[in-house]
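These protein sequences, in sequence, are chains B and A. In terms of my numbering, the first sequence opens at residue 1 and continues consecutively. In terms of my numbering, the second sequence opens at residue 1 and continues consecutively.
Keep in mind that the hints are not guaranteed to be accurate.
Because identical chains cannot be distinguished in the list, a pair is counted as satisfied if it fits within a single copy or across any two copies.
[Unchecked claim] Heads up, simulated EDC-like pairs for lysine to aspartate or glutamate below, C-alpha to C-alpha not over 16 Å straight-line:
1. Lys-57 - Glu-97
2. Lys-294 - Asp-435
3. Lys-210 - Glu-352
4. Lys-232 - Asp-525
5. Lys-184 - Asp-105
6. Lys-158 - Glu-206
7. Lys-479 - Glu-95
8. Lys-182 - Glu-460
9. Lys-403 - Glu-468
10. Lys-354 - Glu-97
11. Lys-7 - Glu-352
12. Lys-354 - Asp-93
13. Lys-294 - Glu-352
14. Lys-479 - Asp-173
15. Lys-160 - Glu-231
16. Lys-470 - Asp-286
17. Lys-618 - Asp-491
18. Lys-57 - Asp-247
19. Lys-470 - Asp-494
20. Lys-57 - Glu-68
21. Lys-294 - Glu-259
22. Lys-210 - Asp-453
None of these hints come from the bench; they were simulated from the model. Note that the coordinates shown come from a computational prediction; the quantities given were computed from them, not determined experimentally.
Protein chains: 2
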Amino acid sequence: MATSQTKFIPLRNIRIEDRFWSEYVRLVREVVVPYQWRALNDEVPEAEPSHAVHNFKIAAGQLSGNFEGMVFQDSDVAKWLEAAAYLLETKPDPELESLADGMIDIIALAQQPDGYLNTYFTIKEPGQRWTNLAECHELYCAGHMIEAAVAYDRATGKRKLLDIVCRFADHIDSVFGPEPEKLKGYDGHQEIELALVKLYRATGEERYLKLSEFFLNQRGTRPHFYEQEWEKRGGTVHFKELRMSHDYPYSQAHLPVREQQTAEGHSVRAVYMLTGMADVAALTGDTRLLEACKTLWGNIVSRRMYITGAIGSQSYGESFTSDYDLPGDTVYAETCASIGLIFFAHRMLSIEPKSEYADVMERALYNTVVSGMSQDGKHFFYVNPLEVNPGAVHNNAIYHHIKTQRQGWFGCACCPPNIARLLASLGSYIYTFRDRTVYTQLYIGGHAEWELDGSSITLEQQSDYAWEGKVQFRITAAKPTAFTMALRVPDWTDSVSITLNGMPYAAFIGDNGYIEINRVWSTNDRIELEFGMPIHRMKGHPLVRHTAGRIALQRGPFVYCLEEADNGASLHQLYIPRDSELQAQSSKDLLGGVHVITTEAVRGDTSDAWQDGALYRKDAEWRPTPVTATFIPYYAWANRGEGEMTVWVKELL
Amino acid sequence: MATSQTKFIPLRNIRIEDRFWSEYVRLVREVVVPYQWRALNDEVPEAEPSHAVHNFKIAAGQLSGNFEGMVFQDSDVAKWLEAAAYLLETKPDPELESLADGMIDIIALAQQPDGYLNTYFTIKEPGQRWTNLAECHELYCAGHMIEAAVAYDRATGKRKLLDIVCRFADHIDSVFGPEPEKLKGYDGHQEIELALVKLYRATGEERYLKLSEFFLNQRGTRPHFYEQEWEKRGGTVHFKELRMSHDYPYSQAHLPVREQQTAEGHSVRAVYMLTGMADVAALTGDTRLLEACKTLWGNIVSRRMYITGAIGSQSYGESFTSDYDLPGDTVYAETCASIGLIFFAHRMLSIEPKSEYADVMERALYNTVVSGMSQDGKHFFYVNPLEVNPGAVHNNAIYHHIKTQRQGWFGCACCPPNIARLLASLGSYIYTFRDRTVYTQLYIGGHAEWELDGSSITLEQQSDYAWEGKVQFRITAAKPTAFTMALRVPDWTDSVSITLNGMPYAAFIGDNGYIEINRVWSTNDRIELEFGMPIHRMKGHPLVRHTAGRIALQRGPFVYCLEEADNGASLHQLYIPRDSELQAQSSKDLLGGVHVITTEAVRGDTSDAWQDGALYRKDAEWRPTPVTATFIPYYAWANRGEGEMTVWVKELL
């Protein structure tokens, strides 16, 4: 293991001011987090009640009543607190802080004398703690509360929630572990692993790191813990429609984690696990664990990921299927799974700065994650299909999980608060540093500062990266300081031009995908970057059935799609000629300001022969009609009423 | 209503001797029906036990024990008896007749004193008769027993089973009807309607026809009978995973039958209902009922039918979806549904001789029905997909209902006995007559005879229709007799040449799709027919997403497919150039003797650019490799081990 780790510039030192992202950050602060607080308090009349805060109040003894909602409902409160913490870290907000403090007071009262904290088991099954790890998400909820506590402590300096979760973690440590009298289990939904690493980093308490490692080591071992606990509790089942206790791959418990070669099962669980594995590998130098991370990363990104950075090819089990099985219409592509993939990429970047990780992070962020939230911040996609035909969606049950429009809130509301906490902490994904090198992983405009040789260095990034490929950096250094600026060259560009203080700079792209500029930097030093932004006709691997004979357009970080609103219905009739010219044009009034791509195309199979209504013909000639096809960025689809959409379009070969 | 109805030549007067079909008829007689008898008696070790005969023995008081199997298990015995009857009608078989007689003796003992007959309710829920028509198939099972009884009486002259079902039908008539004290219900699975018409025809008892009409009239009326009975029995449900009592379209109970415009719900139920509707319309002259038949026929064949004559686009509810939604890989395409479509077409032909009905009958028969059974007669497809990728089928739950290989038997064993009874009675689908015209609806070789003007006329058909398009008729008439031979011109031919006694005959194709030869026929008169057999590049309607940009090959009645065994894996990489030459060749040793079609093709996307394992590329050129594509008839797929298959293949435009 390398002795010097890559670290991220802390969130508190970053402020986002970006043409594309500022609006999303504002939405999270002004709309999403306040809206979600109301949703968690069952105050949004048009959404299903959450019951999440209500459950905590019952567990705290403030209200009487029954637990309602999913067994993991507590985690929505935790994710909201975590998002609130990130907002408070970057900008004071006394009103929000007071709401969060109030919530933490309730949580404190809900904690049991021995440190245990979970409203479902406290209210509904008090004698059944830790009897159904496969299904009941106790450690998952614990993990989210730990993440919230670490963030809140860092943001506000208030330790109350951190103390709560330390007591809880100590309790967990007393229940689970290698000692003979302790349980050898691990949670059905990974999350505690990465959370305990955060708690270790926040507190320096090694037991938390060891406990995380223990949970990773236990997973998939034989005899199988889930079978044992299932038998012990008499074969009762919480989620009757699934076989969580027996379907080992569902929770990546089919093999010990270091032996897994392919990404299997529930895709969110998989990437949360991988995030924890990378965290532990980074801290312990466990090379077999790191190799497993790399193997599974490779399997995901080279065989099981959609071009939008989405993962999870099927609704059943919200899970991976098999290599190269990437249907665009029946896909699951959960927003949370792409968020988890970003976490995983982020941790891999902390181990080794390789632009490939940041490329995938960018792909998931600019496409699936942004697609997951409407431009009013109040509507969300849980599932992000790459191809939609509303008539079929409403009438064919293979599409039962597909929504053609973003929804207000969900009974299982994992995605909206997950988007909120990711976007609220987006600043922390932009830069990493290692030794004396600052890596720009994402080109998102704003202000960042850090210390080097006891001196403060400030970086102002002005970015019109997403639409124009242009970025400017301006450095402020308390004193001239030697360090390296490493600038990621994104996978989609075909050229980079750089000027340093106005003078052309001869750039060399390193093996790891970054251009490194090593010098003594002084205040007012300036770098200007311009990435070539060709429109790419992307193709899928020859073994992918669903992309064969089709192309997807990509310009910059954005994958594009055709919508019925621009192109009429029956998008399956459109073909893009192999040599057609593709033109990008800024359209400021459309969808909050996007670049559209237009091209000559043909609409096939419209010959008169079909007028008699026959379903199959032996004499149908190919008489295509010339049309113009108009593409919009994928993330912006489904904002103009219900209609067809497709990312992959037939190519006229 | 026309005063003169089209009638079919009775089965007893037809003997099949045909290059293609004789083997299937032999299989049914020598393998399928004996095998199914063993399966019904739980004597096939490698198949799930049926329990069907066992249930009857318990109800008859011969054994003790509990009812096992599906609520409609009785119908498998009935369908077997019906198939046995058809075999006995065309050829004596004392051993088979003795088995059938023995079974009928048991059935007689299982009948209750009031005429009621159903082993599930007799054994398991004796107090609950007629309380759950939506789900429990009582009238459905009754209908199948009636069909068996009518066939057995006709075949053997033994009335015992006919008497049993008449007593049962009388009992049903005492329970259901328009009188105030009677139930206003109708079965969740249509079948009784067409069966009562058969019973009416066999007995002349008009009450049976009226009862059939009553059931049709009640369906879909408000207040809704299924809701009423559901409330009355306290909301209990038999099939918990479905919503049969509330999902009205599932059993075509969403609208009165005469008001239905589109084919909805469970596809077998739909075509069984339509068969009954056509039967009643033919006998009563109900023009609104006939119009509904035509409307729904039109909706099925011009918007909801696969090119293989399969119906039912989704597994959920084994049902239709919406117009032009015809996915080939997730399709249901139940063998029973195509058999029901043949029944429906058959009844429409009895109302009006139009070749369109026979064309669809032929399409379903030569493709989906024959695909449903293996060439050893012991393995069956319930679901008949048009596209299969085994790797995806085994790993993606949207394919949970797809089998890549024919199976031995099914817990819900509707299809195998349904194939058996259809093939055992295939002779009755060949000819119809109306007034003095004999229509050849199917070109299947063999011997047929009928009476005209008190004289016996015999028709010998020698057919090499399926593979060569050649048919010869030889007439024997006790005395010279004037009548019309009407010869169907199939929808797939582009030319017909006819000779009459060796001399060219100038054929004229009538509006209804038949060539009529009207003369005084004498013994040794001879017609020779030769249909042009071009290989067609079939295309799907422009609104079908799943066939866009693709072709399917058809030669004669056979739709073709590509299999991995002939073409290697990754069939999605193959493209057929628009002008490629298609060649058919007889291959006697392949798959029991078929014509294969070969053509020049290309395999796309195999360029070296993909060697690095990237999943998406911006620089993948189109570098196709020339290959030869080999097509086999669809019905013969999955006889050479597991592999990919596709009917629709990309066209290089």
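A quick look at each hint next to the structure:
Taking the shortest alpha-carbon separations for Lys-57 and Glu-97, neither the intra-copy value of 19 Å nor the inter-copy value of 75 Å comes in at or below 16 Å. Within a single copy, Lys-294 and Asp-435 get their C-alpha atoms no closer than 23 Å, and across copies no closer than 79 Å, so neither meets the 16 Å cut-off. With identical chains, the CA atoms of Lys-210 and Glu-352 are never at most 16 Å apart, being 23 Å at best within one copy and 81 Å at best between copies. Taking the shortest alpha-carbon separations for Lys-232 and Asp-525, neither the intra-copy value of 67 Å nor the inter-copy value of 83 Å comes in at or below 16 Å.
Taking the closest pair of Cα atoms, Lys-184 and Asp-105 never come within 16 Å of each other, the shortest separation being 32 Å inside a single copy and 62 Å across copies. Taking identical chains as interchangeable, the C-alpha atoms of Lys-158 and Glu-206 are never at most 16 Å apart, the minima being 22 Å within one chain and 88 Å between chains. In this assembly of identical chains, the alpha carbons of Lys-479 and Glu-95 never lie at most 16 Å apart, being 39 Å within a copy and 106 Å across copies at closest. When the C-alpha separation of Lys-182 and Glu-460 is checked against a cutoff of 16 Å, the pair qualifies neither within a copy, at 52 Å, nor between copies, at 85 Å.
Taking identical chains as interchangeable, the C-alpha atoms of Lys-403 and Glu-468 are never at most 16 Å apart, the minima being 32 Å within one chain and 51 Å between chains. Taking identical chains as interchangeable, the C-alpha atoms of Lys-354 and Glu-97 are never at most 16 Å apart, the minima being 37 Å within one chain and 78 Å between chains. In this assembly of identical chains, the alpha carbons of Lys-7 and Glu-352 lie at most 16 Å apart only when taken from the same copy (10 Å versus 81 Å across copies). Proximity of Lys-354 to Asp-93 under the C-alpha cut-off of 16 Å is found in neither arrangement, the shortest distances being 37 Å within a copy and 79 Å between copies.
Taking the shortest alpha-carbon separations for Lys-294 and Glu-352, only the intra-copy value of 11 Å comes in at or below 16 Å, while the best inter-copy value is 69 Å. For the homomeric pair Lys-479 and Asp-173, neither the shortest alpha-carbon distance inside one copy (47 Å) nor that between copies (102 Å) is at most 16 Å. Taking CA atoms no more than 16 Å apart as the test, Lys-160 paired with Glu-231 passes in neither setting, with 39 Å inside one copy and 55 Å between copies. In the homo-oligomer, the alpha carbons of Lys-470 and Asp-286 never lie at most 16 Å apart, since the shortest distance is 40 Å inside one protomer and 75 Å across protomers.
For the identical chains of this complex, Lys-618 and Asp-491 are inter-copy neighbours only, at 9 Å across copies versus 46 Å inside a copy, given an alpha-carbon limit of 16 Å. In the homo-oligomer, the alpha carbons of Lys-57 and Asp-247 never lie at most 16 Å apart, since the shortest distance is 35 Å inside one protomer and 40 Å across protomers. For a Cα distance limit of 16 Å, the shortest separation of Lys-470 from Asp-494 inside one copy, 14 Å, qualifies, whereas the shortest one across copies, 63 Å, does not. Taking the shortest Cα distances, Lys-57 and Glu-68 sit within 16 Å of each other inside one copy (12 Å), while across copies they are farther apart (50 Å).
In this assembly of identical chains, Lys-294 and Glu-259 lie within 16 Å of each other by CA distance solely inside one copy; the values are 12 Å within and 61 Å between copies. Taking identical chains as interchangeable, the C-alpha atoms of Lys-210 and Asp-453 are never at most 16 Å apart, the minima being 33 Å within one chain and 99 Å between chains.
Checked against the numbered hints above, the structure violates hints 1, 2, 3, 4, 5, 6, 7, 8, 9, 10, 12, 14, 15, 16, 18, 22; every other hint is satisfied.
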